[in-house]
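Let the sequences and hints guide you as you build the complete structure.
For reference, the chains in residue letters:
2 protein chains.
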Amino acid sequence: MIYEYISVKVFCIITSRAGREERRSAVRVTRRVCNLYLTSLHEQRCRPLTSDSKHGSSMASNSSSSNAQHRLRIISGHLQKRPEDESTGITAQECKAETPKSTPSRLTPVPKRRQEIMKWNGWGYSDSRFFFNKIGQAEFTGKRYRLSGLILPSLKDWFEGTFGANLQHKSPATPTLNLSAVAPPNLNEPFIEELKAVGVAMSHDPEDRVFRAHGHCLHEIFALREGRIGRVPDMVVWPSCHKDVEKIVELACKHNTCLIPYGGGTSVSSALECPHEETRSIVSLDTSQMNRILWIDEKNLTAHVEAGIIGQDLERQLNESGYCTGHEPDSMEFSSLGGWVATRASGMKKNIYGNIEDLVVHIKMVTPRGVIEKSCLGPRMSTGPDIHHFILGSEGTLGVVTEVTMKIRPIPEYQKYGSVVFPNFQQGVACLREVARQRCAPASIRLMDNEQFQFGHALKPQVSSIFTSFLDGLKKFYITKFKGFDPHHLCVATLLFEGDRGKVLQHEKQVYDIAAKFGGLAAGEDNGQRGYMLTFVIAYLRDLGMDYYVIGESFETSVPWDRVLDLCRNVKERIVLECKERGVQFPPLSTCRVTQTYDAGACVYFYFAFNYRGLSDPVHVYEQVEHAAREEILANGGSLSHHHGVGKLRKEWMKESVSVVGLGMLKSVKEYIDPKNIFGNRNLL
Amino acid sequence: MIYEYISVKVFCIITSRAGREERRSAVRVTRRVCNLYLTSLHEQRCRPLTSDSKHGSSMASNSSSSNAQHRLRIISGHLQKRPEDESTGITAQECKAETPKSTPSRLTPVPKRRQEIMKWNGWGYSDSRFFFNKIGQAEFTGKRYRLSGLILPSLKDWFEGTFGANLQHKSPATPTLNLSAVAPPNLNEPFIEELKAVGVAMSHDPEDRVFRAHGHCLHEIFALREGRIGRVPDMVVWPSCHKDVEKIVELACKHNTCLIPYGGGTSVSSALECPHEETRSIVSLDTSQMNRILWIDEKNLTAHVEAGIIGQDLERQLNESGYCTGHEPDSMEFSSLGGWVATRASGMKKNIYGNIEDLVVHIKMVTPRGVIEKSCLGPRMSTGPDIHHFILGSEGTLGVVTEVTMKIRPIPEYQKYGSVVFPNFQQGVACLREVARQRCAPASIRLMDNEQFQFGHALKPQVSSIFTSFLDGLKKFYITKFKGFDPHHLCVATLLFEGDRGKVLQHEKQVYDIAAKFGGLAAGEDNGQRGYMLTFVIAYLRDLGMDYYVIGESFETSVPWDRVLDLCRNVKERIVLECKERGVQFPPLSTCRVTQTYDAGACVYFYFAFNYRGLSDPVHVYEQVEHAAREEILANGGSLSHHHGVGKLRKEWMKESVSVVGLGMLKSVKEYIDPKNIFGNRNLL
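Going down the list, the sequences are from chains A and W.
Numbers 518 to 1202, taken from the numbering used here, label the letters of the first sequence in order.
Numbers 518 to 1202, taken from the numbering used here, label the letters of the second sequence in order.
Honestly, the hints are just simulated from the structure, not real lab data.
Where hints are given, some of them may not hold.
Copies of the same chain look alike in the list, so a pair counts if it works inside one copy or between any two.
With a cut-off of at most 25 Å between alpha-carbon atoms, the simulated BS3-like pairs for lysine-lysine come out as follows [stated by the list, open to error]: (1) K1034 / K998; (2) K1168 / K1187; (3) K1172 / K1193; (4) K866 / K1020; (5) K1184 / K1172; (6) K636 / K687; (7) K816 / K1034; (8) K1187 / K1172; (9) K760 / K1172; (10) K1020 / K1034; (11) K993 / K1168; (12) K1172 / K764; (13) K1168 / K629; (14) K1172 / K816.
Here it is, written out as C-alpha cells:
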C-alpha cells in the first residue's frame, strides 16, 4: 500500500515533469520567443500592415478650424470604407501588381497548380501519407507534421482487429491521373475572349480541372482512386482581387456560364461536385490567389482579409503581428475564409473566439445582382433581418465572398493542454454538461468514447525512450488497476486552456474539480496535447484504410443536452445494424465524440468505417448506412448538421429541417439574386 | 492633511456601510429569502411548470426490449416537438379553457382593456407620473416605483436652467380622449363573421383602437396630447394561442384585411403607425393574451414561451422557479417577447445573457404562406442561411411570432452595483474600451457624459436623513476639491456585476483596477444602483417636459471603438447647430452615453430635448434635427440602429445601410412570404 502510494506519487511527479518537457517542443519555444520579441517591437515601430496614423483620431483640439478639418478627415475616412495609408504600400487597387511591394508575408502558399503539392486522389499534401512498412509497422511520411517520420507500432494490430482486415489484402489506388479519361472542356469562347482582355489568369488544363471537381466525401475520393472521372469544370479562373471577381461574374452573367466558387476544396457535403445535368460551360472560380490581409486595425481589433486566404496562412500572418483570429477548424490547413463564410464553419476554440458568425464584422459578396455589403462596421445592429445571415451558409449558391472584416485577438499569453479519464461515457457527458451549465468551458473540451480512446492508443508513436514507455505502462496500471476504471468503458476528455496564465490555472482548477465530481481523473497534459495534434493527421488515415478495403467517413450533428446520450447510443447501434443487414462481413467501427459544448446542447462527431471486402458495391452500401444514420440522428432530435453544411449530400432533409416556408424563403432569395442560376452548384435547395 | 485623510477614510467606511444599508431594501431581502426557500424546495418537489419525468431519459438498461421501448419513447417525444406531461395540466391545446388549471402564475397582467392601467397619451401606467407640486418640487405619483411618493427637490432648477423653461409656461395635454374624433371603423364583415365562429376575442371600440394606433415616437405622443387622432386600426383581435393566430392569418388572407401585430406598443420607430394609404380594414393583432410559459426544461435550461408575454411577467414567472432569461431591455415592463424577436432587441445585461439572437433557440412564426419553424432544438446549425435571422428584425412585415424557445439561466447568487467617476468622457471611453479588450465587462457597464451626470443629480430624491445628505456633500467635496475633478467635465460609469459571489468580487477588482489606470475613482454602489433604477422612470420624464414646452427623444447607434469619441462629439454639436439654425430659442439638451460594449465597438445612446416655445411647428423642427443627427451618425461611421430598429422612421436609409442588393433580398423574401401585403405596416422596406 505504502509502496503503491509512493510509486504513484513518484509517477505523478515524473509525469508532470515529463509533460512539461514534451511541451517544450521547438515550435512552441520559438513561437513564444518570437511573440515576446514582436510585442516589445510593437511599442516602438510601425507594422508593415497597419499604422496608427491611419486612424488619426487623437484628441481633437478646441479650435474650430482644426475641429472642422478633423471632422472632415474622419468622415472622408469612413466614406472610403477603408483606412488608406500610403506608407504601407498595400492597397487593393494594386492587386495585379507583378511584384508585391510588401514583405514575405505576401507569399502565396497555395500554388495555382495545386498538383504541385497536393494529392490528386486523397487528402492533403502529396509528401504526407500513412503506410505500413515491411515489418508491418505504420509510418507517416514527409516532414510537415509532428507525426512525420515516426513509427506507430500499434496501428497494424488495431487496424486488423477493428476491421477484420489483413495487410495482405490490398486495394491500392490508381497511382496516376489518366488525363485522357477527362472529357474535353466545353469552353464558352465569347466568355473567354472577354475574360482574357481583363487579364485574369485561367486554364483548361485537364489536371487543373480535375483538381477542382471534388471535395472529400467518401464517394468522391473512392471514384478518383478507381480512376473514374465524372463531370469536371471546363475551366479554372484565378481572380486576384475583388474587382477581378466582379468582372468574372459580370461576364458569366452576360455569356451564361456556370460559376462554382472554389476555396480550399475541403467540402464533405458534395458541395463541389459538378452537376451532371449542367450543359453550360462550368467555370471553377478558384479564390486561392485572392489571399491578402488588406489591413489590420489594432484600435478596433479587426482585420480586413481577402476571402481566398487559407486558415493556416491567415493565422501565421496575423501571428507575425501578435494577433490571431483563433478560428481553427480541423480543415484549417487547406480551407478558406470564403469557404467558412459559405458553410457556417466552426472552429475548435469557438468557446473563446466564437464561430464564424461571431467572428465576422463585415462581408462583401459579388452576386449576379451586384455587390452586397453593409455600409457600416458597427458591432451589432438592428436594421431589419441581418443580411450577413443570408450570406453565411449560402454554400456558393448566391455569389462569391471576396472580402471579410474579422475580429482578431492578441495571441494568448499562455496555453495549457489537459486530459481527464472518466469511468464511462455517461459520466463524461454529464461532466461536459455541468461545465457548460457553469459556463466555464475551456478553449476546447472534447469527450471521446471508448472506441476512440482505443483508437487514440493505436496512434501512439513508438517512443525512443524506455523511460516514457515505462511511464505509459505505469499510467495504464494506475488508471485501470489502481483506480479500477474498466478499459472497455473508460473515456477520455481532452482539454485546452488559453489566456492569461493566472486565469488559466484558476480555470483549470475549476474544471478539474467539476470533473472529479463525475468520477473524472486528471490524466496529464501530454494526452491532451496528443489528442489535438492528431486532429490534423486523422484525415490522412482514411487513405490508408482505403488501401486495405476499409472505407469510412465522419459526420456530425448538434443536439440538445438531454438527448446526447440517447442519440450517441442509438446512432452507433443503428450503424452496426444497417451494416449487418447489408452484408458487411465484419462489424463496423462506429464511434463518436462530443466536440463542442453550448448552453443548450452539444456538437457530436461520429466516425464510421468498415471493411468492404466481399461487397460488390461498397460505396452504395456506405451511402445507405450513412443515410440511415442521418435519419436516426434526426429522429433522436439532432440537427442536419452542426458545421459541415448541406451541399448536395443532405438536400433531401432541408424541407423537414427549416419547414416548407423556410425553404421557400431561401428559394425566393436565390431567384432574386441569381435568376439564371449562374452559381449553379445545386447546393442546398 | 491628516484631517482630510482621516475624514476621507471615515467617509469611505461610512459610505460603504451606508451603501450596504441602502442595498438592503425590502425588495432585495425578500427576493433573496424567497430564492433560498425556492431553491431548497426545488430538490424536493415537482414544479408547476416542469417535471423531471417529462424527459424520461434515465440511463438505459442493457436489455434490448427496454432499449427498444426507451428508444421509441425518445423518438416519439421528439416528434411531438413538445414534452407532454399530463400532471402539469399545461398544454397548448387548452388555450381556450375558461378556467386555467394552473397556479396564479398564469395571471394575465396586461388586460385587454389597456386603458384600465395605461395612459392614453403618454408613457406607462396611468397612476405614475411626474409633476411639480405647489412649491415647485417635482414628485412622482403612485406606488409602483422606488421613486414613487418621493420628492425631487433639484429637478425644477435643473429643468428651468437646462431648457430655459418656466413652470409658469404650461402646455398641458388634452386630458381625455375625444372618442368622436375617432373615425368610424372600416369593418370587413365577412372576415368578422368567420372570426366570430372561431371564438377569438375582438373589439372595434374606439378607445381600444386608439390605444393600438401608436408607439412612443415623439410625434405620435405629441399628436395624442393635442387630441389629434390619425389613422387607427379598425378593430382589435386577441388570439389566445398559436392556433388562434393561424386562423386569424388564414382569414385575413382569405378576406384581404391588413394585419398589424401589436406586442407591448413600445415601438420608437413609428412601426405601429397605421399607414394612411391603407384602404383595407386594419386589424390590430394584440398578442397580450397569448402569454403563457408552456414549459421549462431544466435539463437543457430552456423555456418555451408564448410570444405575447411581457418582459416583467416572463422574468417574474421564471424567478418563481429559480430561473431568469436575464433579458432586460429598458422597456421590459411593457414590451413583449414577440416584439423583441421582431426588432432584434437588446437587454441591459447582454454581456452575460446575450442579445435576443443569442437567447433564442427556436422560433415559430405564422405567415400568409404558413407556419415557419425549424424542426430541431439543436444549439447551433449549418443548414443553409439561418432562417431565424430572416425572422429576427422583420418588424411585423412577414407574420406573427407565436412561440419562442429561449435559453434560461439560474438566478445569479449575488448582485453588486458600482460606479466610477472619470475626469472626462475620453478617459471613460478609453476605460470602457480597455474593459472590452480584456473581455472582462460586468453584466452591465454604462458611461454617461457630463450632462447626464448633472441630469442624474437633478433626479436625486430628497433624503429624509441629514446623515445621507451630509455624506453626499462629503462625496462631492472629495471628488471635486480633494481629487480635483472638474464638475463640468467629469463623467460617471455605472456598473452591475452578477454571479457567484467570489467571482463577482474578483471581477469587480479587475474592473476597478482598469478604471484606475484611466483616472477613474470608485464612487460607491448607491450611485450605480440609482443609475439603473432611474432607467425605468426616465421615460416618464418626457411627459413632464411636454407639460412645459419641452419635447425630446432618445436615439441610438452602434459604432466601432475608434469612432466613438468623434461620433459623440460631432453628433452633439450637430444637434446644437441645427437647433440654432431653426430658431430654437434656448440651446438644447444634447447628451449621450455609451451603454454597451462589444469586441469591435460600442452602443451609444443619445438624449436630445429642447424648449419649443415660440416655434410654430415644433414637431417638424424636431424631426429635421433628428434627421440631421442620424445623417451625422452615419457620416461618422455609426449604424442606422443598434436595437430600436428601422420601422418607418428610418426606412430612407435602408438602401444605404444594407446595399441595393441586400434590400432586394429582403424584398424578395417579403414578396414570397406575403404577396398580398397582409402584414401591411409598411415597415423596413
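Exercise for review: Would you list, in rising numerical order, the hints stated earlier that this structure does not obey?
Suggested key: Numbers 11, 13, 14, in rising order.
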